[in-house]
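Note that the protein sequences, when read in sequence, are chains V and H. Take the first sequence: its letters are residues 33 to 385, numbered as in the working numbering. Take the second sequence: its letters are residues -11 to 349, numbered as in the working numbering.
Source of the hints: derived by calculation from the structure; they are not laboratory data. Just so you know, even glycine gets a beta-carbon here, dropped at the ideal spot from N, CA and C. Hints are supplied without guarantee of correctness; some may be wrong.
What the hints assert, rightly or not - Estimated spans, in silico, between C-beta atoms of each pair: (1) H:A88 <-> V:S185: 37 to 45 Å; (2) H:V99 <-> V:M352: 32 to 40 Å; (3) H:F196 <-> V:D125: 54 to 62 Å.
What the hints assert, rightly or not - Facing chain V, from chain H, some residues (calculated, C-beta under 7 Å): (4) Y122; (5) F127; (6) I128; (7) G132; (8) I138; (9) Y142; (10) L293; (11) F325; (12) Y328; (13) V331; (14) V339; (15) Q343.
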Amino acid sequence: MTSMAGRAGFTSFIGQRWAVLFLVVELAFFSFLAGGFFALNGVQIVLFYSTTLALLATGETLVIVTGGIDLSVGFVMGFASVVSAKLSGGFTDRGLPPDVSLLLAILITLAIGLLPGLVNGILVARLKVPPFLATFSVQGITYGISLLLTGGSAAVNVPNLANVIGNGYFIYLVPGRGISFFAAPAVTPGTTVIDIIPTMVVVTVVFVAIVAFILKRTRFGRHTYAIGGNIDAAIRAGINTSRHLVMIYVISSFLATLSGIIYMMEYVSGKSDAGSSFMLDSIVAVVIGGASLFGGTGTVWRTILGVLILSVLEMGLKMMGVQTFDKYIAVGVILIFAVLIDQFFPELIHKED
Amino acid sequence: MGDRALGLNRGKAPAPAVSVLGRNWAFFFLLLTLVVFSFTGKNFFALNNFQNIVHLATTSLLLACAETFVIITGGIDLSVGFVLGLSAVSASSTMQVLYAAHWSATASILVGIGVGLVSSLACGLAAGILVSRYRVPPFIATLGTQGIAIGVTYHICGGFPVWYLPPGLTDIGNAYLLYIHPRTGAWSFFARPASVAANQIKELVRVFPMSFFLIIVFLVVLWHLLKNTKFGQHTYAIGGSMDASVRAGINTRRHLALIYVLSAFLAGIAGIVDLFQTGTGNFTTFGAQLELFAIAAVIIGGASLMGGKGRVLASAVGVLLLKVLENGLNLSGVEPFYRYIAVGLILIVAVVIDQLFPDLF
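Use the sequences and the hints to build the structure in full.
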């Protein structure tokens, strides 16, 4: 955005990066206090854990930039995990090879996953329903449908190939022998194999990067900010706001669906409430990233910082052995402090406004 | 949150001719659902069922009132659901401990209520100070107090409902004003007539749950507070334009802090009500989404998350609409899983009709 480019000097450098500073402090803190955190595996666990939230939050960023809110992402994610799990299991049962059935299931789920977004978008853009209400209704509908599909329990009949891919790594390094990509090398048991970068992290990074690029560099992105800044002005400037808003909600729903598929691959099951706790987290990540719920501000990479801040906190506290409910206190206090520091030292960490 | 964001008010004032009906679409829709479910729902159109709906909606109504004030100022309070749980759990634990220490039931209940309300006020004060004095975005501030409320709640109750409370809680919470036994003509106030045996309880006609009193008092007081007092005017003013309010000499900081204290206080009362209705200190489960439900009801009532708009009674109608939908679909024999879908679909249809035919309403 232009205002970012206009500021110069050290304060502006820090100012745009207070979230980075906070993340660094967090990492340092847990590296000292949480055993095993500062290790390749610790970092990878955090990244692996962040994948689903990162995709949800990326979609949420687009919606929040336009001044809307998407409450349905969590249950769309659950819905997608259920549909993809059911489909892949069903195809395998009908005699299709696992790779074909998994691929088919993923493609079909991605297509179906556009529907909730389309409904959201049409309601918000064409029928002028407040985004909160539209997505609140759609969240109930998707939740109901996924409960119907599963009968209220988890869908677990997923081919093992999903597990192999979902919990696989991008690079396998066998010291002194060589490396292999995607597939674990056939070595004698006992040989050290270093796993680098979970495959699902790679997939997530690719999609997040695409959306980040679209929002930052393309006309589509500029129009998104324009709509969030002032929708009347955007209309007068000749932007087809209605079509644009539909697209935004469809993209958000698509990313939520992708997130559900990744969940299915990682946990080898589909659950209707897989994403119920992530919905709020995704909005929190966007807000930590400095976006305003009133629209017009927010970038994907700052949202990702928000996601990492949340995930590092979550995983770090878990590795420190902090009780689940103490974690909520810690997250609450730390969130408030992060924002307070931002408020008390505006020169130190001044955000663009 | 920037000043620009606070000053932004996208809500368009409705044209006077359609305003009365247009602002009350939720109310008309509520009437419609009542009529429809009276035909489709088994035992829906019955005194007992209507009393039940409102009785069970008491806590949601209080939360929606709380959220109404916050949303009018352009804020959002994510903590109400868990403040409810904190209040219920801290109140009930206090009662449990005191009663076990041979305090009288009355004394332990009263002290318990006090502790519950103080704990909720503390949450509200924290959120209020953060939002008003340190300008933390309401979303983050109340998310923080929510986390703290969850943690403290689970520390107190250890993840289990609080039992072994002084006797008589549910007798108060579920009491009715009037009990009539049609066959013998026996009647009495506040408790079952002494002449009616326990096995005849099913024949009793119970009229006017005591929770009605509570909710009517709260609705009237809060409606008056928002509509007819300076406090209410200032609330709308802050939501309309923060800058203008400051220039108009409103002590916006104190006012905003008070709003969040009020919100948490109402959530605390809701927790106490829940305790009296169930006889158990229930913590709020993670997936409960009570705050989402309350916010949705407020928005159905015509408020905008951008601030400046919202009415107490309209929010109450929003709550009742959602509750009647659930109850009516249930009594019409719709399975639970389909109910989620149906509520969503009906909401969409209602809102869309409201948007498509502004002249109709």
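Tested hints:
The hint said 37 to 45 Å for the Cβ distance between H:A88 and V:S185, and at roughly 40 Å that hint holds. The beta-carbon spacing between H:V99 and V:M352, approximately 37 Å, falls within the hinted interval of 32 to 40 Å. At about 58 Å, the CB distance of H:F196 to V:D125 agrees with the hint of 54 to 62 Å. Hint on H:Y122 holds. Least Cβ distance to chain V is approximately 5 Å, under the 7 Å limit.
Interface hint at H:F127: satisfied, since its Cβ lies 5 Å from the closest Cβ of chain V, which is below the 7 Å cut-off. Look at H:I128: its Cβ gets to within about 5 Å of chain V, closer than 7 Å, so that hint holds up. With a cut of 7 Å, the hint placing H:G132 at the interface with chain V holds, because the nearest CB-to-CB distance is about 4 Å. A distance limit of 7 Å between C-beta atoms decides the matter here; for H:I138 the minimum to chain V is near 4 Å, and the interface restraint holds.
This hint holds: H:Y142 has a C-beta 3 Å from the nearest C-beta of chain V, less than the 7 Å allowed. Hint on H:L293 holds. Least Cβ distance to chain V is approximately 6 Å, under the 7 Å limit. For the restraint placing H:F325 at the interface with chain V, the shortest Cβ-Cβ distance is roughly 4 Å, inside the 7 Å limit, so the hint holds. For the restraint placing H:Y328 at the interface with chain V, the shortest Cβ-Cβ distance is roughly 3 Å, inside the 7 Å limit, so the hint holds.
Nearest Cβ of chain V to the Cβ of H:V331: about 5 Å, under the 7 Å cut. The hint holds. Restraint check, H:V339 versus chain V: the minimum CB separation of about 5 Å is within 7 Å; hint holds. A least Cβ separation of about 5 Å between H:Q343 and chain V falls short of the 7 Å threshold, and the interface hint therefore holds.
When each numbered hint is compared with the structure, no violation occurs for any of them.
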